[in-house]
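For the record, the sequence lines run as chains A and B. Residues 47 to 335 in our numbering are what the first sequence spells out, letter by letter. Residues -12 to 226 in our numbering are what the second sequence spells out, letter by letter.
Just to be clear, a hint being listed does not mean it is correct.
Okay, the calculated beta carbon distance ranges per label pair [stated by the list, open to error]:
no., chain 1, residue 1, chain 2, residue 2, range
1, A, Val272, B, Leu58, 30 to 40 Å
2, A, Thr206, B, Pro(-2), 34 to 44 Å
3, A, Ser149, B, Ile116, 28 to 38 Å
4, A, Asp232, B, Ile(-9), 21 to 31 Å
5, B, Leu25, A, Pro126, 26 to 36 Å
6, B, Ser(-11), A, Gly93, 31 to 41 Å
7, B, Arg214, A, Asp240, 45 to 55 Å
8, B, Lys160, A, Arg76, 24 to 34 Å
9, B, Val195, A, Ala147, 37 to 47 Å
10, B, Leu58, A, Ser236, 16 to 26 Å
Over 12 Å on every C-beta distance to chain B, these chain A residues come out as not near it, computed from the model [as the list claims (entries may be wrong)]:
no., residue
11, Val95
12, Ser113
13, Lys145
14, Arg146
15, Ala166
16, Ala167
17, Lys178
18, Gln180
19, Thr217
20, Gly244
21, Asp311
Calculated directly from the structure, the hints in this document are not laboratory data. The structure presented is a predicted model; accordingly, all values stated were derived computationally and were not measured. Built from N, CA and C at the ideal position, the CB exists for glycine as well.
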Amino acid sequence: MRRNSRIGLLMSAAVLAGLSYASAQEKKVRLATDGNYPPFNFTDPSGKVIGFEVDLAGELCKRAKLSCDWVTQSFDGMIPGLNASRFDAIMASLSITEKRAESIDFSLPYYGGPTQFVSAAGSAISKMDAGKGQTLDLREMTEDKKKTLAEIAKSLASATVGVERASTHATFMQQLFPEVKVRIYDKEESLYLDLVSGRIDMVVSGFSPIRNFIERQKKESRDFVVFGPALRGGALGKGVALGFRKNERELRELFDRAIAEATQDGTVTSLTQKWMGFDGAVRPVAANP
Amino acid sequence: MSLIDLLAFGPGGWGSQILRGTAMTLLIAVLGFLSGNLVGMLLAGARLTGHPLLAWPALVYTTVVRGVPELLVLYLLFFGGGELFRLIGTIMGYGGSSSADAFGAGIAAIALISGAYSAEVFRGAIRAIPPGQAEAARAFGIRRLQLFRLILLPQLLRYALPSLGNVWQLTLKDTALISVTGLVELMRITDIAAGSTRMPFLFYSVAVLIFLGLTGLSNLAFERAERHFERGTARGRPA
Chain A
47 MRRNSRIGLL MSAAVLAGLS YASAQEKKVR LATDGNYPPF NFTDPSGKVI GFEVDLAGEL
107 CKRAKLSCDW VTQSFDGMIP GLNASRFDAI MASLSITEKR AESIDFSLPY YGGPTQFVSA
167 AGSAISKMDA GKGQTLDLRE MTEDKKKTLA EIAKSLASAT VGVERASTHA TFMQQLFPEV
227 KVRIYDKEES LYLDLVSGRI DMVVSGFSPI RNFIERQKKE SRDFVVFGPA LRGGALGKGV
287 ALGFRKNERE LRELFDRAIA EATQDGTVTS LTQKWMGFDG AVRPVAANP
Chain B
-12 MSLIDLLAFG PGGWGSQILR GTAMTLLIAV LGFLSGNLVG MLLAGARLTG HPLLAWPALV
48 YTTVVRGVPE LLVLYLLFFG GGELFRLIGT IMGYGGSSSA DAFGAGIAAI ALISGAYSAE
108 VFRGAIRAIP PGQAEAARAF GIRRLQLFRL ILLPQLLRYA LPSLGNVWQL TLKDTALISV
168 TGLVELMRIT DIAAGSTRMP FLFYSVAVLI FLGLTGLSNL AFERAERHFE RGTARGRPA
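Working from the sequences, and respecting the hints, build out all of it.
This is how it looks when you write it as structure tokens:
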């Protein structure tokens, strides 16, 4: 008797669950972000998450007919959190790396900005000539590029370089300039605080955070400049993408289609223009295996 | 925007967010500390029975939890125990929502860590009470529960309170670790505000002041409690 009533309860629960699923026309997706990385994702004083990725997610979810919610949590626990199903996707300025691809799947990249060097204006290192004004794509190595990189390595020999822990920039420094003294920081903020205080000579980071930093320093009448080459590809990754659990192919493909569409019709271009002041769309749109 | 505006409570200011974070920190710390004391009492009791099946697991527990970084315990519970917490959450009707289990996992982690420390405090306090008192009480026919409530507990608290104050401070500071779980407490809201406004110095300084304020106030409370439980003694000795 007892057993029967329990089965009955389970059945009605299942029916109810089915009903509520059917009544929700749009599938619910929980996106995780950090909420403290302007202009990609940050928080306004009322606690609302805003930024480029929030705008873009709105566009992508509309195209994919999904109802998306934000979960904010610190970047540290994000990949384990995804795999523990605390949310369904990561959209937190997450660069595509092979290491990360071992534990999660990536969507197509929706943003790709160049990596740059920044230091105090007038510092010895900022006057370096090697690679000046060039854009080096590290995907295919030519003899010319190797020569330029060797010159850069020589110029950096006496400098202390700051990078963020576990970032593509850290890997890049390790792989291409293993001889150069690198200091690794847990947080982007402390990285720049040390650059301002002169504890490090230069920082390797993305276009957008560097631009932010320079503008802010200008307000306090301190001058910092970008120098040397702009770099992309190779160890610097394929760009920024959403992260998914390995078994969520269907969901990932929904986002892939939406990203391809938004890139081709210029939505990504206008959103990156709005938030960063340059076109950060990744073209040509490739197929995601 | 001036510094005052940034910390104001109105729109455009982070004041109310920070206040809410502080309340969450206090809530987790108090709940974690209280349930930690319960855990600690049980562990201390288990060790004092001397029964190998009870004493050994308790010894292993206090040794391991006190011996590894708190963050590791939290990761283990939060990411390792995620399935377990979601299951509990679903049974309790939370539907496995991520905020509910971040809260639950947070308090559980704080309680388990805090309990490992307070267990040692209680064990020391119980052993400081002369066993002759319990023997005398039993000779008068006082029942076990009464013995604990009327004779052991008041004295135990007198011995334990100074060290418990210490455990409380540790617990209060451990709440900062919960920020990795996505629960928005003081540390996490400070992090968010510092990153979003790109003014880390301001917001971290505010967090320092709030934490110092909380520990300062709780120190006062513990001092008063100590005086209360010492009222039957003169200069720390039985009157």
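Status of each hint after checking the structure:
Here the CB-CB span from Val272 of chain A to Leu58 of chain B is close to 36 Å, well matched to the stated 30 to 40 Å. The given range of 34 to 44 Å is respected by Thr206 of chain A and Pro(-2) of chain B, whose C-beta atoms sit roughly 43 Å from each other. Taken as a hint, the range 28 to 38 Å is violated for the pair Ser149 of chain A and Ile116 of chain B, whose Cβ atoms sit roughly 53 Å apart. The supplied range of 21 to 31 Å is met by Asp232 of chain A and Ile(-9) of chain B, whose beta-carbon atoms lie about 30 Å from each other.
Checked against the hint of 26 to 36 Å, the C-beta distance between Leu25 of chain B and Pro126 of chain A comes to roughly 29 Å, which is consistent with it. Hint check: Ser(-11) of chain B to Gly93 of chain A, Cβ distance near 21 Å, so the stated range 31 to 41 Å is violated. The hint said 45 to 55 Å for the Cβ distance between Arg214 of chain B and Asp240 of chain A, and at roughly 47 Å that hint holds. Under the hint 24 to 34 Å, the C-beta atoms of Lys160 of chain B and Arg76 of chain A, about 30 Å apart, fit the expected range.
At roughly 40 Å, the beta-carbon separation of Val195 of chain B and Ala147 of chain A lies within the given 37 to 47 Å, and the hint holds. Checked against the given bound of 16 to 26 Å, the beta carbons of Leu58 of chain B and Ser236 of chain A, roughly 18 Å apart, stay inside it. The claim that Val95 of chain A lies off the interface is violated: its Cβ sits roughly 9 Å from the closest Cβ of chain B, which falls inside the 12 Å cut-off. For Ser113 of chain A, the shortest C-beta to C-beta distance to chain B comes to about 15 Å, beyond the 12 Å cut-off, and the non-interface label holds.
Every CB of chain B lies more than 12 Å from the CB of Lys145 of chain A, the least distance being 18 Å, so the non-interface label holds. Look at Arg146 of chain A: its CB is around 16 Å from the nearest CB on chain B, clear of 12 Å, so calling it non-interface holds up. No Cβ of chain B comes within 12 Å of the Cβ of Ala166 of chain A; the nearest lies about 18 Å off, and the non-interface call holds. For Ala167 of chain A, the non-interface assignment is confirmed: its Cβ lies about 20 Å from the closest Cβ of chain B, beyond the 12 Å cut-off.
In this structure Lys178 of chain A is separated from chain B by more than 12 Å, as the shortest Cβ-Cβ distance comes to about 29 Å. The Cβ of Gln180 of chain A lies farther than 12 Å from every Cβ of chain B, with a closest approach of about 30 Å, so its non-interface assignment holds. Thr217 of chain A, annotated as away from the interface, keeps every beta carbon of chain B farther than 12 Å; the closest lies near 23 Å. Every Cβ of chain B is farther than 12 Å from the Cβ of Gly244 of chain A; the closest lies at roughly 16 Å, confirming the non-interface assignment.
The beta carbon of Asp311 of chain A sits about 30 Å from the closest Cβ of chain B, which is more than 12 Å, so the claim that it is off the interface holds.
Taken one by one, the earlier hints fail for this structure at numbers 3, 6, 11, listed in ascending order.
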